[in-house]
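**Student:** Put the two chains together into one complex; each comes in its own frame, and the hints tell you how they fit.
If you read the protein sequences in the order shown, they are chains A and B.
Numbering that gives the first Met the number 0 numbers the first residue of the first sequence as 0 and each following residue consecutively.
Numbering that gives the first Met the number 0 numbers the first residue of the second sequence as 0 and each following residue consecutively.
It is worth saying that the hints were derived from the structure and are not from the lab.
Watch out, some of these pointers could steer you wrong.
To be verified - Below, computed lysine-lysine pairings styled on PhoX-like, alpha-carbon distance capped at 20 Å:
#1 A/Lys223 x B/Lys403
#2 B/Lys229 x B/Lys208
#3 A/Lys250 x B/Lys360
Values in this document were obtained by computation on a predicted structure and should not be read as measured data.
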Amino acid sequence: MMTNKLFKNKEPLFHVVKRTDIPSWKAWLFRGGAILFGILIICLLLLIMKGANPFVVFGELFNGCFGSSRRTWLTFRQTALLLTVGLALIPAFKMKFWNLGANGQILIGALVSIMCMFYMGKAGVNDAVIIIVMIPLSILAGAIWAVIPAIFKAYFDTNESLFTLMMNYIAEGLVAVFLSAAVTSGSGTLDIQQAGNLPRLGNDHLLTIIVSIVLLVVMFIYLKYHKHGYELEVVGESQNTAKYVGINVKKVVIRTLILSGAICGLVGLLLAGAIDHTISTTTANNMGFTAIMVAWLAKFNPFLMVGTSFIITFLGRGMSQVQTRFDITNDSISDIAIGLVYFAIIAVEFFVSYKVVFRKKAPHIEVKEQNNLVTETKEDK
Amino acid sequence: MVAKNNTKNINITFENISKSFGVVKANQNVNLDIYEGEILALLGENGSGKTTLMNMLSGIYYPDEGNIYVKGEKVNIASPKDAFSYHIGMIHQHFKLIDVFTSLENIVLGIESNVSKKQKWSYFFKNFYKKKEDRETKYIDRASVKDARPIVQEICDKYGFILDLDKKVYDMSVSEKQTLEIVKTLYRGADILILDEPTAVLTPIEIDKLFNVLRNMKNDGKSIIIITHKLNEVMEISDRVAVLRKGECIGSVVTKNTNEAELTEMMVGEKIELNIKRDEPVNPVDRLIVKDLECKNEDGREILHDVSFTARSGEILGIAGISGSGQKELLETIAGLIKGSSGEITYINPKTDKEVNLRSKSPAQIRDLGVRLSFVPEDRLGMGLVGNMDLVDNMMLRSYRKSKSHLVDRKKPTELANEVVNELGVSTPSIHTSVRKLSGGNVQKVLVGREIASHPKVLMVAYPVRGLDINSSYLIYNLLNEQKKKGTAIIYVGEDLDVLIALSDRILVIGDGEVRGLVDARKTTKREIGLLMTKKNEGGLDDDK
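Only chain B is shown next, with the shape it has when bound in the complex (with noise of 0.2 Å):
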């Protein structure tokens, strides 16, 4: 049915694929052809439908309607043990490994070995009452592990992975892990890789490590399919961009052919200003001062380590560092939800002058202390908002307290969701629907919109426009820029280096729950920030590595 190619063999392809979860259709109509060695780009905003028809390839869901082809032939992917039989592997982006086991014994583990069922099960008997994880460690056949050493080795010289066989996944970092991963489905013999938004999580430098052994696999033959919404990266690693919009394939275009101006055309649908404005600070003064702050988690260990900043008024602080560097126990230990166990945090109250410190309180104690403190949490649904709460409940969860009467007054929050509806442009059948139904770009909005009301004087956020699309980016942008203009101070932790880079007055970047520097947006690098925050500090207490 396709034309056949001379220079390059056609590996998948995509007939007609629709499939739909209720009444969203998550793919429609979807034709694709993804050739042999070749790198081919997943563009789409979220909610396109592009991990879905990933989805679809690697066997977690199966098409409504429409067929899959494999080198021509057309199969039926049932199971990811399905996809394998067809040497499609995919890296999704929460990993699948065991803490307690080598990188090698995560490589063996699952595939079938020559142990028999009854040797399996006599182990199984023999050792039921250990611990599961005991177990299983000592359930892998040793044989196959000692077997699989040499090809592991193998495949990491040929594509040029660092990977150290024998080191636990606990020790390992994010970008380890990753390798880890796309080794582990090599070994599987693997021919097409999905990886989906495989450098979210990663560093610069780690990125371009990354796009390296990529490129070595390409060359070998394999097809890569990169699911992503970053355009730089669309454009320096991809051969062919395939864009998805509102679960349609819009079309797919050579990479050398394109530019990004185009590409967001494809993908939003619509000609997009991809700046943001940034306006030099008001006369900004010191408004909330944080020193020596250190914290624990439950098990004592200590996330937080003499963090040190002032955040000012009229000023966007941008926080940057590794995912799970101590960003979310800092903005959470400031705004009293884990107890700081040293340090002070003090928060200046711009028309007194007052100094108080806020560490040790908790938030009921902060918002009677008259500490105009707004927070977006990371955690949207499971923190900010309540899910199965309409807007108008949600509105009322910072202020339901402030009225005398037992009985909860809705008038005034019923006012308010009207006004966050309207003003920030929420897409919602009612206010009296509950936000869970909602799409990540409205639930950001009414959470944003409900925090920016209470007039802050201090407004963290944390990832704000993480799952968000463009349009929906811009205008959390918008109403932060607006926020710092009334002299709010904002920190902003964020993920993406470009929008840091950007939007940010100054950059904290931390590390290991330590701060690592703070740099001048207007005249850092993203790669000054990355090395910053992969720094490894000289005479650190680092003691639980």
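The shape of chain A in the complex, shown without the other chains (with noise of 0.2 Å):
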């Protein structure tokens, strides 16, 4: 009569139970144990490879990040743009408006400043008059570039990933036809621009890490105490409840997007008035896309940000300096071991939400309540 003959004896051994309750000290306790366990594959990684000593990979990652003083400014700056960059991101993201686009806002945004310093300076204008003439308008330009696929989105419900993506390609393009218009040498590459740069605070890199730290209290208070900040938050948890209490969905996306492409033009400033002096489609470095995973490490928390973009910066620097002091010449070592870490990052966050949970057996203990109740049953009949 019974067809258990599968399932007779398969137990299951343990299951998966999602946690309601772990302290959050404990999460960022096996977040950072992730990091270092990730870390130390990467040394046993090259202890099997090159025969590196792991203390010396250790220390040549420090290196790479604090080594001299020129290293420690660079590693700074590098945290402060990608943290810039993130900065520019959780507004949007809090929205749950996934905008992938920040490349291509960075980019636009050192388009226009290039341009700026270019033909400007070609024209001899005085340097100040470029350079105030030059920071609204690239902010503008990021801030344009985020805004359309904004209405799109608002008006008429489309994809804002694909859309943002694709913006970034058309970013991508137009620096091309600039380049292909400015540069006659046939290199392909924009000589460093001497017009319209941007102050110099000491050196090269304070002023836009002193624009991330203002950015950062700025927009930490943006989202916490001002109006416009809780009513993101409200729209991006649900968009019903926003309508029931009366805001205006389609504005608080597009401003939202105005704000947020407008921090990316400003990244996009910084690069090419004050870091790079030059512009070409790899301007952006990626940034776009890693300040994505800074921000949802970070969970949206401006402040943890910080150390997200600086954990990231401080991989990316120490691994290219533990690459030259091993003689790698194989530029995916480097690219395989930072990956690793990121799983390893990113693989903890299963054991933050879920904890797995081994079948206890069950105590045998005789029923003696149900007996009572089958004579009952009988002389009911």
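**Tutor:** As structure tokens, this is what we get:
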């Protein structure tokens, strides 16, 4: 009668349960442990490949980031830039608008700055005038690049991920068009621009760092205490709730993306006017995508993003030093190593949200209550 | 282990079943027997673990501890498929049917047919570019559908199901869909049927029909388990009642030897007064007049047709109807969330006696007009509150715009949150806990508390006690009565007719987006309302049917 031939002895050994109560210190301990674990794997990898002493590898990671005052400054600048792009992304992400177009928004901001520097510099315009013109224009350009997908999203409910992603390629194309028009030498690279450079504060790096710190504080206040920040969070959590309390969803989407794009435009301005003084199609250095990880790993918390953007910069810069030190000519080794650490960081989120439970055997207790009932039923019949 | 019984055989035994989700213990050491040929009512408040227990029997969850025995044999039910192999079938609250299929196709669907794997794949590759639904319709093995027809017909005749085998599911009423689900489960050979709150969506007459077929099935020797929290139904249909409280099985009693008061006490753990008090309205005046309101949904289909009624101050106007008859749209149109296409919604300001038409105004405009309208929507966490925000931020939703500053002021909302927590007895770790983590009853208290805090003149509530335990439900009824005393016009959309009749002053019955009747709640009966709900309108428009 029974068809239990298959299942009879197949008791699951364990199952996965969602954690509801993990204290945050424990979660961060897990995450910190994951990073260390990832780095240990790198060390192991290098030990096998190159016979490298793990302690040396560890030392070189730090050496690459803090080995000289120039390296230290570069690490901080790179962290600051990544942080700023992350800050640009979080208002959009909190609204559940998946802006994958930060790269394009940075690039278009940089392009507009470079164009100001190039053409106005050629015409012999005063540096101060160039700077005054290029700051608002490049910020505006970034904002426009972000607001186009936002408008389509708000009015026609288009897919923002695809739209912003495609805008990246358009921005790259525009840069290529500019380069082919501006560069006559045939090398394809634009010379370092002398006109319209942003003022140097002490050295080449401090300006970027100061801008990012200011933005960090402003963004924190905006998200936590400003009405706009509150509204965009409501929209992100539930559009129905937003409508129910009378928030104009379209307006909030467009307003937030203007802000997001404007900050990306500002990053472009910094790259063109204060750091690179030139442009190529890879000027944004994929920061638009790396920053997505920065934002997510920090759970959209601006201050935690300082930490995540630092770790990512640290790994990148440290690994390139390790690579030089151990004569690894193949670039992908460092990419693989960094990938391993990222993998550990992402994988640990599973253990933060879930735990694995092994099945306990039930104690055998005689069932007494039911026996009485059986007799009761019998009497009734 | 359990004494053999002469008259009845034990079908299923639960032995020390425990299951927890995180820190929540959904079931704890549950011991329970289910006999052949009986209807067992599984009674308990929301969150007492009834559905979890049954989900373990039907293979959706797997117990953390304990064993399940079917006919004395220890079994491991790891999937619904395993459950079926032990002849256990569950009918869930949300039906799992495919809209574009007929009854018969739905019944046959998912059963291994004689078609070989190779044939299936070749069919798939020939048709993969087609729309999924088209593909699946044709994919059903015609031969097995034909073979099934006499068997299904026999099942229907045997137990008295009324089911049109060639009707498509999208043409069916909720009751027909439920019938189909039961027949489907029987066709697959279920001897043990679990019904999760089967009466929640049915009208009184449909409930009678359902109970009749359940009795027929019982007499045929099948075990039926009904999960419910409605006492009157337990008394009517069941042979035996098992009561769960906070995940533990409190005990089981033979229905004949017990009464409602005793069951409530077992269920709640304390004695409870089950009467809803109703005062006479104090000089009611018209507050909200809805006239010939029409409204269309996104597809241009008419959801509300010529709806007219008046809500008066100091009075509770109940709205009854089969779920999905336009109740939600009616309230949302009044609140300004849906634009009505024609008609008038007139609000009479109690201070100035000025009339304003609210139709086609947005919620923000309605508020700016000084209309004191509060709305407790059906979807608490999806519309009324933001689940991931804490109590304070949720209190702020309605009021944050009032201050002129650019920054939000959290001082007043904090005070309000404290007030709501203290006065309504919200059990929460702190006012900075996100609302999602609270239980259903506490979520509703937070929402109702906020809506009442703005001293509304019109208060609309949609299914305010759905999913709440008895104590919380009565707290909500009392809050509504207090508002009524203060002269608020209350519109109450409910599903439990007993409560509607006991609480409201007048009841508006709607069906298919039309007003079917307005009755005096003090004089009406459940049957009268049930008839009005299902009444077919003569010469009506019903063109979508």
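**Student:** Determine for every hint whether it applies to the structure shown.
**Tutor:** Here is what the structure says about each hint:
With a CA separation close to 17 Å, the supplied pair lysine 223 of chain A and lysine 403 of chain B stays within the 20 Å bound. Only pairs whose Cα atoms come within 20 Å are accepted, and lysine 229 of chain B paired with lysine 208 of chain B is accepted, the gap being roughly 17 Å. Note on lysine 250 of chain A and lysine 360 of chain B: the hinted pairing holds, with a Cα-Cα distance of about 17 Å set against a maximum of 20 Å.
The structure agrees with every numbered hint stated previously.
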